[in-house]
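Student: Here are the chains, one letter per residue:
Protein chains: 2
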Amino acid sequence: MRDLGEFALIERMNAGRSFGGGVELGPGDDAAVVAAPAGRYVVSTDMLVQDRHFRLDWSRPQDIGAKAIAQNAADVVAMGAAPSAFVVALGCPAETPVAFVDGLVDGMWAEARRAGASIAGGDVVRSPQVVISVTAFGDPRGRTVLRSGARDGDIVAVAGRLGWSAAGLAALSAGAAGAERFADVIAAHRVPRPPYSAVLELPDATEITAMTDVSDGLLADLSHIAESSGVAVDVDSAAVADPALSPVADALHADPLGWVLTGGEDHAFAATFGAGTAIPPGWRAIGRVCTGSGVFVDGARWPGPLGWESFGGGEQHAVR
Amino acid sequence: MRDLGEFALIERMNAGRSFGGGVELGPGDDAAVVAAPAGRYVVSTDMLVQDRHFRLDWSRPQDIGAKAIAQNAADVVAMGAAPSAFVVALGCPAETPVAFVDGLVDGMWAEARRAGASIAGGDVVRSPQVVISVTAFGDPRGRTVLRSGARDGDIVAVAGRLGWSAAGLAALSAGAAGAERFADVIAAHRVPRPPYSAVLELPDATEITAMTDVSDGLLADLSHIAESSGVAVDVDSAAVADPALSPVADALHADPLGWVLTGGEDHAFAATFGAGTAIPPGWRAIGRVCTGSGVFVDGARWPGPLGWESFGGGEQHAVR
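Chains as they are written, first to last, in this note's numbering: chain A, 1 to 320; chain B, 1 to 320.
Keep in mind that the hints were calculated from the coordinates and are not lab data.
One or more of the hints may lead you astray.
[Stated by the list, open to error] Computed footprint of chain A on chain B; a stretch qualifies when at least three of its residues, placed anywhere within it, have a C-beta under 8 Å from a C-beta of chain A:
no., region
1, 112 to 124
2, 131 to 137
3, 259 to 266
[Stated by the list, open to error] The following label-pair restraints were derived from C-beta to C-beta distances:
no., chain 1, residue 1, chain 2, residue 2, range
4, A, ALA239, B, PRO37, 40 to 46 Å
5, A, GLU227, B, ARG181, 42 to 48 Å
6, A, ALA177, B, ALA110, 45 to 51 Å
7, B, GLY299, A, ALA15, 32 to 38 Å
[What the hints assert, rightly or not] A few chain A positions that, by computed beta-carbon distances, are all more than 10 Å from chain B:
no., residue
8, GLY116
9, SER133
10, GLY142
11, ALA177
12, SER246
13, PRO280
14, GLY282
15, SER293
By construction, the Cβ of each residue, glycine as well, lies at the ideal position given by its N, Cα and C atoms.
Just chain A, same shape as in the assembly (with noise of 0.2 Å):
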């Protein structure tokens, strides 16, 4: 990248590509310019450091830039919203090779086309690892869906594969890196694939009451509905087992409804629905809203840690 020089590695990033049609004015100029014909947009921001949330060795630049951006874009589809651009900043070592760029980019517009979206802008610096920071942009699809509105009698549904990702770290953990028996949860891993059209084709009638995306592990993020809504939450471990994590469990000796509970980074899909709701399709009940506060799983605490926190007890996992 230092032969390339940061205005001609931006030239490269954004060459060939067509903008879609939120974004007003793409990269060039001092910004962006993005619509919003709501009169609001929905704005959320993380950032990736590596081998912290990343490993160079474990994951193709493809597969890190479209994490990057599902990730983020998650979390606008969270709000009730369709994501419609993401800015991108990116450090890397001048001796960063052209060729890992060209594929982070290229993840991360596979992504963000998946998403609907296309990326607006960014900016390159020079860091001593790769850092990636992305903000994206959304349009609410009438009122944003906060996780403030559950109410006792709700019933708790999630859209999308929980424990898969925390099953696939297991697996390279374990040094399974090449390992068929687990390349699906490894592939989870490497590349959330969040259920979009699942929120964003909900029927407009749904009484839907809270949402948020399970990136912490379903009791943390749950927790955090509860917490906001004033509510208890009571999951049904029957409802969210999953027979395909079982085998991959019994190879490396774990508990899959560990996995299922409190592994992050998947990406699915939490709210709540009004008691008497039809569940909408992709989406399955997994339990109930109930007075009280905090998290239960079959009526009783779990005896761990609910999820993920950056600055907690990440010393266990190799990578997060």
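With chain A's structure known, arrange chain B on it following the hints.
Tutor: Chain B only, in chain A's frame:
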């Protein structure tokens, strides 16, 4: 920060803050919601890396926070937009003192307020050194002002100081951090003060044809206007010279014109105005747009580099 944890830290960063009118929903949910009364918004992002863009022994955390916001706000204002909100992603080592983050966030809020906006949300992660990624938003006032509208015969004008940050960097590099006679330029290097109001209070009838902020160096940034507009720019060295820099340059045996023409990070604004336009308050004419291409000083090519490039020859500076 390890002791406090991510969520307590974020709570602490937001305690007692009141969010401005543009921020409809602040931190605490999956995403923030920001108003876009014009039906569109301007967005810019920049990343600052420890020991590359700032040094912890040269700047207080308040200064670093203010600088991070100022350079992003300047990009938004350079489009002719009024800053409305910022989001901040922050990477820090786990052993970072909480007082450092307190100072950083206070500096960010102070500069955000000076720009007329507030901080709508962010992310905090662990990283080997301090990394700050800011995304800034603004409301366009009428049409956006691009780099591409300059025409033959236009007047080139500047609002704000030039060369002060470069002079301050030179003084710091010479080990003159405590020297009273360098205090003003060192302060200017630590915290740029973009003259937002010179742009935001431009009379509506002002015929402004192109604008940018001076982040890489006056000649470098004018060359972007020249290239985007398909014109040449000629700068009058007598008009840009700043007598206040002469004693500093004499003491450091440096060329003050080099600082003024190629020093970055002052975040002054450079613009072109239609030929007959009266120069507005806060602005001074420094040159003229002409046919051709590239940037000239008193009719001749500048013999050295025009300014700063991220992956270019950065090693001659102690920090950028």
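Student: In ascending order, which of the hints set out earlier in this document are inconsistent with the structure?
Tutor: Hints 3, 5 and 9 not satisfied by this model.
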